[in-house]
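Going line by line, the protein sequences match chains A and B.
Residues in the first sequence are numbered consecutively from 0, following numbering that gives the first Met the number 0.
Residues in the second sequence are numbered consecutively from 0, following numbering that gives the first Met the number 0.
These aren't lab readings, by the way, just hints derived from the structure by calculation.
Note that the structure is predicted; figures quoted are calculated from it, not measured.
Check before you lean on any hint, since a few could be wrong.
Interface residues of chain B toward chain A, partial, derived using beta-carbon atoms under 10 Å [unchecked claim]:
hint	residue
1	N32
2	E283
3	V284
4	G307
5	E308
6	I311
7	Y334
8	P382
9	W384
10	G390
11	L393
12	S395
13	V396
Just so it is clear, CB atoms sit at the ideal spot from N, CA and C, and this is done for glycine as well.
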Amino acid sequence: MAYSDKVIDHYENPRNVGSFDKGDDSIGTGMVGAPACGDVMKLQIKVGADGRIEDARFKTYGCGSAIASSSLITEWVKGKTLDEAATIKNTQIAEELSLPPVKIHCSILAEDAIKAAVEDYKKKHAQAAAREINEVKEEQRVA
Amino acid sequence: MKLPIYLDYSATTPVDPRVAQKMIPYLTEHFGNAASRSHAYGWKAEEAVEEARENVAALINADAKEIVWTSGATEGNNLAIKGAANFYKTKGKHLITQKTEHKAVLDTFRELERQGFEATYLEVQQNGLVDIEKFKAAIRPDTILASIMMVNNEIGVIQPVWEIAELCKAKGIIFHCDAVQGAGRVEIDMQKFKADLLTITAHKIYGPKGVGALYVRRKPRVRIEAQIHGGGHERGFRSGTLATHQIAGFGEAARLAKLEMAAENKRVGALRDRLWDKIKDMEEVYVNGDLERRIPHNLNVSFNFVEGESLIMAVKDIAVSSGSACTSASLEPSYVLRALGRSDELAHSSVRITLGRFTTEEDIDFAADLLRRKVEKLRELSPLWEMYKDGVDLNSVQWAAH
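I would like the entire structure built from these sequences, with the hints used as guidance.
Printed below as a string of C-alpha cells:
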C-alpha cells in the first residue's frame with residue numbers, strides 16, 4: 000500500500016509520543032479500539048486552568064495510518080478548548096493525511112479517542128466537583 | 000547491498016539467471032507451437048517441452064508421462080480437486096482437507112460444497128500440524144478425496160502427508176497434495192510417496208511465473224475430469240497451446256533444484272538459524288509453527304504488542320510479508336495463525352521471513368538488526384506494551400471493539 004508523504008512523516012517522526020499520569024486531575028485519557036481489530040489508540044490531554052488543552056500525548060498500536068492519525072490529532076488539539084477539541088471530525092484527519100478508503104477507520108478511531116479523552120476529563124471533574132460539594136455540605140453539617 | 004533486501008521467497012523467487020538463459024531462445028528463435036507436427040519449428044518446441052517434462056518428473060522421481068503442464072499452482076489445485084471429485088462423484092460425496100490450506104484449495108472445496116459435495120475442514124494442532132488420528136476419524140464410508148498440503152506457505156511446517164497418503168491408499172481415497180512450497184525444499188519421491196495427485200509450480204523454485212505442473216499417478220491409474228477443454232493437449236487433461244519458453248524454464252529450474260537442493264537447504268537453514276539466534280532473546284517473541292518439522296527457509300515470528308502492518312512499514316528496507324491481512328482491506332489477522340490458536344494480538348503481530356538461494360549472511364545480519372531496532376521503537380509507541388510492562392492482563396481489559 001502506498002502511503003501519503005504526510006502519513007510517512009508522522010509515522011517516522013511521531014509527535015507527542017508518551018504518557019501522562021492517568022491519576023492527575025488535569026489529565027483526560029481516552030483509550031479506544033481493540034487488539035483483536037489490530038488497533039488500539041491511547042490519547043491523553045492535559046488541561047490548563049483556563050480550560051484549554053495545554054498538551055497532549057499518545058500511544059498507538061496499529062498500522063501506519065493509525066499512528067499518523069493519532070500523532071496528527073495531538074498536534075491539532077493543543078490550544079483548543081474541550082468543546083472545540085470534541086468537534087474535530089474524522090473527515091478532516093482523513094483529508095489532511097490523504098487516507099485511502101480502507102484506512103478511514105483509523106481517522107474515526109482518532110476522533111473517538113479525543114472524544115473519549117474529553118469525556119474522561121469532564122467526568123473526572125464532575126466527580127471532583129461533586130466531591131467538593133459533598134465536602135462543603137459535610138463541613139456545613141459538622142458546623 | 001541492494002535495498003530492500005528480498006526475504007519473501009515463499010511469495011515468489013527470482014528467476015535464476017541460468018533459467019532465464021534457457022528460456023530466451025524459445026521466445027525468439029525456437030518459437031514454434033509444440034503441437035505443430037508438420038515442421039521443424041514444432042518439433043524443436045516439442046523437444047524442449049519433453050526435455051523439461053523429464054526434468055520436472057526427475058525432481059519428484061516420477062515418470063514424465065505423469066506430468067501435466069498447467070498455468071500454475073492455482074490451476075493445478077483446481078484441476079486436481081475438481082477433476083477428481085467430479086470423476087469419482089458416483090462413489091461418494093465426502094471430501095477432507097484442513098483449515099490452513101492455501102486459498103486455492105479452500106476456495107475450490109467451497110465451490111465443490113456449493114455443487115453438493117460435503118467437506119470436512121480439519122483443525123490443526125498448536126504447532127500447525129494435522130493430527131493423524133483426527134484425520135482417521137474424519138474418514139467416512141463415502142469419502143472420495145482428501146487434500147493436504149506438504150508445506151504450509153505461511154509457517155513453513157511440513158505436514159505428515161506421507162502417512163496420510165498411506166492411510167488414503169488403504170481406504171481407497173484419492174489423495175491430493177499441494178506441494179508448491181515443498182518442491183525443491185523437501186525431498187519428494189513419488190515411488191515412495193503414495194499421493195495420487197501433486198501440485199507444483201515453477202516460480203517457487205527459481206523458475207518463471209505462469210507455469211506449473213500437476214502430477215497424475217499412472218500406477219495405479221488415477222482419473223480426473225478436465226477443467227479446460229479445447230485441442231486435447233496434455234492427453235486431454237489440459238487443453239491449450241503450451242508455453243514453450245515457460246516450460247523450458249520450469250524444466251531447467253527443476254533440474255537445478257534437484258542438483259542443488261541438499262547444499263542449499265543446509266546453507267539456508269544455517270542462515271535462518273542465525274537470524275533466529277539474533278532475535279530470540281527479545282522479550283515476547285514467538286515462533287509460529289513447529290520449529291523442527293519445518294523447511295529451513297521459513298521463520299514466522301510474532302513480536303507481541305507490535306502491529307504487523309506498521310512493523311512491515313518500519314522495516315521497509317527488508318521485503319517481508321505480514322501475517323496480518325490489514326493491507327487487503329479486511330481487518331482479519333492471518334487465518335493460518337488463528338487456526339494455530341494464536342491470539343488476535345499475536346496473529347496481528349506476525350512477520351513471515353522467507354530465505355532463499357540468493358540470501359547472504361550480510362542480509363541476515365542487516366535484517367536482524369533492523370527488526371530489533373524497529374520493534375523496540377514501535378513498542379515505545381504501543382499502549383499494549385506499556386500495559387504489559389505495568390503488569391496489566393490484556394485479556395481482562397474490556398475493549399471497545401469497533
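Hints versus structure:
Contact between N32 of chain B and chain A, as hinted, is not supported at the beta carbon level, the nearest pair being about 41 Å apart and thus beyond 10 Å. For E283 of chain B, the interface hint is violated, the least distance from its beta-carbon to any beta-carbon of chain A being 13 Å, above 10 Å. At a threshold of 10 Å, the smallest CB-CB gap from V284 of chain B to chain A is about 16 Å, leaving the interface hint violated. The beta carbon of G307 of chain B comes within 8 Å of a beta carbon in chain A, closer than 10 Å, and the hint placing it at the interface holds.
At about 4 Å, the closest approach between the beta carbon of E308 of chain B and any beta carbon in chain A falls short of 10 Å, and the interface hint on this residue holds. For I311 of chain B, the shortest C-beta to C-beta distance to chain A is roughly 9 Å, which falls under 10 Å, so the interface hint holds. Against a cut-off of 10 Å between C-beta atoms, the interface hint on Y334 of chain B is violated, since the closest Cβ of chain A lies about 14 Å away. Restraint check, P382 of chain B versus chain A: the minimum CB separation of about 4 Å is within 10 Å; hint holds.
The beta carbon of W384 of chain B is positioned within 10 Å of a beta carbon in chain A (closest approach about 8 Å), and the interface hint is therefore held. Hint status for G390 of chain B relative to chain A: violated, with the closest Cβ pair at about 15 Å, above 10 Å. The restraint placing L393 of chain B at the interface with chain A holds, with a minimum CB-CB distance near 6 Å, inside the 10 Å limit. The beta carbon of S395 of chain B is not positioned within 10 Å of any beta carbon in chain A (closest approach about 12 Å), and the interface hint is therefore violated.
Evaluation of the V396 of chain B hint against chain A yields a held restraint, the C-beta minimum of about 9 Å falling below 10 Å.
In this structure, the earlier hints numbered 1, 2, 3, 7, 10, 12 are contradicted, and the remaining ones agree with it.
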